[in-house]
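Peer 1: Kindly generate the complete structure, drawing on both the sequences and the hints.
2 protein chains.
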Amino acid sequence: MLQEMSKDDLTSRENELGNQFNAACQAGLKLDMTRGKPSPEQLDLANPMLSLPGDGVFTDSDGVDCRNYGGIDGLPQMKALFADILGCEPQDVIVSGNSSLTMMYDAVARAVLFGVPGGEKPWSQQGTVRFLCPAPGYDRHFEITSHLGFELLNVELTDEGPDMDRVEVLASDHAVKGIWCVPRYSNPTGITYTDEVARRLATMNAAPDFRIFWDNAYAEHHLTEEQQPVPDILQACRDAGHPDRVLMFTSTSKITMAGAGVSAMAASPNNIDDTRRHLSVQTIGPDKLNQLRHLNFFKNIEGLRAHMARIGKILKPKFDLVNELLEHNLGGKGIATWSQPKGGYFVNVNAPDDCARTIIDMAEKAGVKLTPAGAPFAYGLDPQNRVIRLAPSFPPLSDIRQAMEIFTLCVELAAIRKALN
Amino acid sequence: MLQEMSKDDLTSRENELGNQFNAACQAGLKLDMTRGKPSPEQLDLANPMLSLPGDGVFTDSDGVDCRNYGGIDGLPQMKALFADILGCEPQDVIVSGNSSLTMMYDAVARAVLFGVPGGEKPWSQQGTVRFLCPAPGYDRHFEITSHLGFELLNVELTDEGPDMDRVEVLASDHAVKGIWCVPRYSNPTGITYTDEVARRLATMNAAPDFRIFWDNAYAEHHLTEEQQPVPDILQACRDAGHPDRVLMFTSTSKITMAGAGVSAMAASPNNIDDTRRHLSVQTIGPDKLNQLRHLNFFKNIEGLRAHMARIGKILKPKFDLVNELLEHNLGGKGIATWSQPKGGYFVNVNAPDDCARTIIDMAEKAGVKLTPAGAPFAYGLDPQNRVIRLAPSFPPLSDIRQAMEIFTLCVELAAIRKALN
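As you go down the protein sequences, you meet chains A and B in turn.
Once you know that position 77 of the first sequence is 77 in this note's numbering, the rest is easy, because the numbers rise by one and skip nothing.
Once you know that position 88 of the second sequence is 88 in this note's numbering, the rest is easy, because the numbers rise by one and skip nothing.
What the hints contain is simulated information worked out from the structure, not anything from laboratory work.
This structure is a prediction, so every number in the text was calculated from the model and none was measured.
The beta carbon of each residue, even a glycine, is placed where N, CA and C say it ideally should be.
Any given hint could be a false lead.
Chain A side only, calculated, beta carbon under 7 Å to chain B, not exhaustive [claimed, not checked]:
1. 68
2. 99
3. 257
4. 282
5. 284
6. 298
Ranges of calculated distance between the beta carbons of each label pair, as one might list FRET restraints [as the list claims (entries may be wrong)]:
7. 300/A / 56/B: 20 to 30 Å
8. 44/A / 276/B: 27 to 37 Å
9. 28/B / 175/A: 50 to 60 Å
Peer 2: Next up, the structure:
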C-alpha cells in the first residue's frame, strides 16, 4: 500500500519507475486506446455483408423495391428487429441511416427549432436550456448539447445509474430539458441502470417537454453469459403517466460495420408521429438496401445474438488482459480502482485525485494515446481529475499488453510523485 | 384553335370528350405520374452494386478500412468523383449519406441555429427570414424553408433562370437569406441557367449571409447528345468577391439506386470548414462502404457518364412519347404549351389559366395521379393555376400512353368548359 510506504521507499520506487518511464519514452511506441472502435477481426465477422443483399436481391418480404425512393421510417422487418433489440413494438420504431448519434443530434435540434409534443414552445424560445449529464459519460452526447448552447449539469453516475436524488432536484427546474443516459454497460463505467432508477426517471417532476435520451448503444454487447437486464423505460414512462418522456436509440454500428450500420429510435406514438412528420421534410428516406443487407445477414434477432456472441469471444480476452495487468501492476497498492464491465466497450480507471491529466500526458510521451482527460465529463472537466477511460476493443492483444504496462507504470509513478509532494 | 371554335362546335366537342371522360372514369385505371422516381429498368442497370464492394473488398485506394468509424467528409476518391460532377476541386467537396435533400435541410437548419461564415448572427436571431423560390420549382426545396418558418417569395423562373431583375430587387432586402436553384434541367421546366444569370446571382447586392442553394440534381442527366453547359457558379462567386455565397449539392440518387445513393455538397473553404466543424458533432461520419461500392462500380467519371447514357436511352422514349401525345392531342389547338426538356425528369405543361387544379382532379377521377396542383410554387399556390408537372420516368411506356391520353383529354375538356363559361 502506497499509504504505508516510507519516504525513502517512495523515493527509491520513484527512481526505479522513472527510469522505466524514460526507457519507455525512448522506445518510440505508437499505441492507441482512445476510442471504442471495433477491431478488424470483429469487422471480419460481418464480411459476408460486403456482397449482400446479393445478385438480384432488392425486395423486402412485402415486395417493396428497396432500391427506389419511398418509406420514411424503415422496412417493417427492420423495425421488428430493432424492436427486439430495444424491447418495444415495431410500430414504436423509426429506422434511419448509419449513425444513431445523428438521430440524437437531430432529435435535440428539432426540439430546439420546433419543440416536442407536450411542450408549449421550441426550446430556442424558452431562454436558457439546461441538460443533465451523468458523468462519467459519453463525451459525444455532451458535445451535442454544448454545441447547441445548452448549460450542462454534471450529475454523478453511481453503480445503479445517475444519482437520482440529485437528478430529481435538478429536473424540478423546468429549464432542464433532458438527460443523457447509456442504460446498459454505460460508457465508460460499464454499469447498468436499475429498475428503480428508471422508475424514478419516469415518475419525477420535470418539464412537460423534458426528454430522457436513452442511448442503448450496448444493448446486445455482452462480455459474459451473465446478461444484466436493462429496465423497460418506455413502459415505466407509460406507467408513470409520462409516455412521451423517453426517446430510445440504438444502432448496429458495433454489431456489423461501424461506419455502415443502421440506426433506430423508438418512442411513444406522439413522439414517433412528430418525428415522422419532420423527417418527411428532412429526407428522402433511409437507405433501405442497407437494411435489407442487415436483414439478409442476420435473418432475425437470434442470428444477431449469435453474431454478438462471436464478437464477445473476441473482446473478452482483451478486457481480461486489461484487468489482469491492472491487477498485477496496481492491485493492492491503494492507488487506483477500476471497473470490470460485463459488457460494452470500456474500462474505467479511477486514478488518485488530481492525477488523471498528468497520467494521460505521461502515457502519450511514452507512446500510448488515451482518451483525453476529462472527456467523460460535461465541458471536458473532471472535477476530481481522476477518471481515465480505457478502450481495449481495437488494438490487438500484444498492443494492449504493451500499452497497459506503460499505463500502469504512469499511474503508479504519478501516484508516488503526488505522495512525495 | 379553341379560340376560333363556335359555341356549337365547343358544345359538341364538350359532349364528345365528356363521354370519353366518363368512360375513362369507369375503366378503373391506376396510373401514377406524380414523382420523379427512376423506373425498375433504370435501377436494374445498377444491379451489379447489389453484390459490391464484394468479398473481402473494404479498403479504399489509400488503404483506409471503410468498414470502421472515421472520416467525416468522405473518401478522397469519392470527393474527386463528385468534383468532376460539380465542376470543382476535390477539396471543395463534402460527401455525406444517401440524401442530398438532407444535406440541404441540414445546411439551412445550421444557418438557423448557428449562422454561416460572414453572417453576424444565427438566422434565428435576425427576425423574419425570407427566401427566394424561383417557380415553377421543386416542392421539397420550398417545403424545407416553409417548415423552418421562413417567408417564401415566389420569383418567376424564365427560360434563362430566375427573373434576375426581380431577384436583385428582393435580395437587396437583407432579411432575404437565400435562393433555391436547380441550375441544369430545372425541376420541372427543364431549363438550364445561363452564365449571365449566374453572374448576376454572384455579383448582386445581398446580405453577407445570403446563400445560393445550387442543387445540381440533374448534373449528368441528359436526354440528348446536346448537353447544355451549366454555369460555374463557384468561380462566378469567387470572381465577384463573394466566394462564400454559394453551396452546391448533388447526389447519385437518380444515377444508381434512388434510396441508396451518395450525396455531396461543394463550396468555398470557409463554408466547407464550417460545415465540417458542425458535422464532427452531428455524425460519426458517412457510410464509406457505400462510397466504395459506387467507386468500384463506376471506376471514374467516364464510367458514370457511360452509365448515364444507358439511362438516357431508357428515359428518352418516355419523354418522346409524352411529347408525341401532347402534340397529337393538343397541338395547334391553342390550349396548352409544354416543355421539351433536354434532360432531367419532368415535362412542364402550361394549361389554360385557372384550369390546372380542375385538370388534375379530373385526371385523378379517371385513374391518373399527377403531382398536386400548385406543388411547384411556394406555399403550393400557383398564382395562375395553370402549371402541371408530368413525371414520365417511372411508368412503362404502355402506362404513359394511357395516362397521357387521359391527361390530354382532361386538358382539352377543361379548356372547352372554361371557354363555354
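Peer 1: State, for the Cβ atoms of residue 28/B and residue 175/A, whether the hinted interval 50 to 60 Å holds or is violated.
Peer 2: Holds, at about 59 Å.
Peer 1: Starting from the range 27 to 37 Å, see whether the pair residue 44/A and residue 276/B falls in it by beta-carbon distance.
Peer 2: holds, 30 Å
Peer 1: Would the hint on residue 68/A stand, with a C-beta cut-off of 7 Å toward chain B?
Peer 2: holds, 5 Å
Peer 1: Hint validation: residue 282/A versus chain B, beta carbon distance must be below 7 Å. Holds or violated?
Peer 2: holds, 5 Å
Peer 1: Let's test the interface hint: is any C-beta of chain B closer than 7 Å to that of residue 257/A?
Peer 2: holds, 4 Å
Peer 1: Can you verify the interface hint for residue 99/A: is its Cβ closer than 7 Å to any Cβ in chain B?
Peer 2: With Cβ-Cβ at 5 Å, under 7 Å, it holds.
Peer 1: Quick check on residue 284/A please, does its C-beta sit within 7 Å of some C-beta on chain B?
Peer 2: holds, 5 Å
Peer 1: Does the Cβ pair residue 300/A, residue 56/B satisfy 20 to 30 Å?
Peer 2: holds, 26 Å
Peer 1: Any CB of chain B closer than 7 Å to the CB of residue 298/A?
Peer 2: Hint on residue 298/A: violated, closest Cβ of chain B at ~16 Å, above 7 Å.
Violation of the numbered hints given earlier is confined to hint 6; every other hint is satisfied by the structure.
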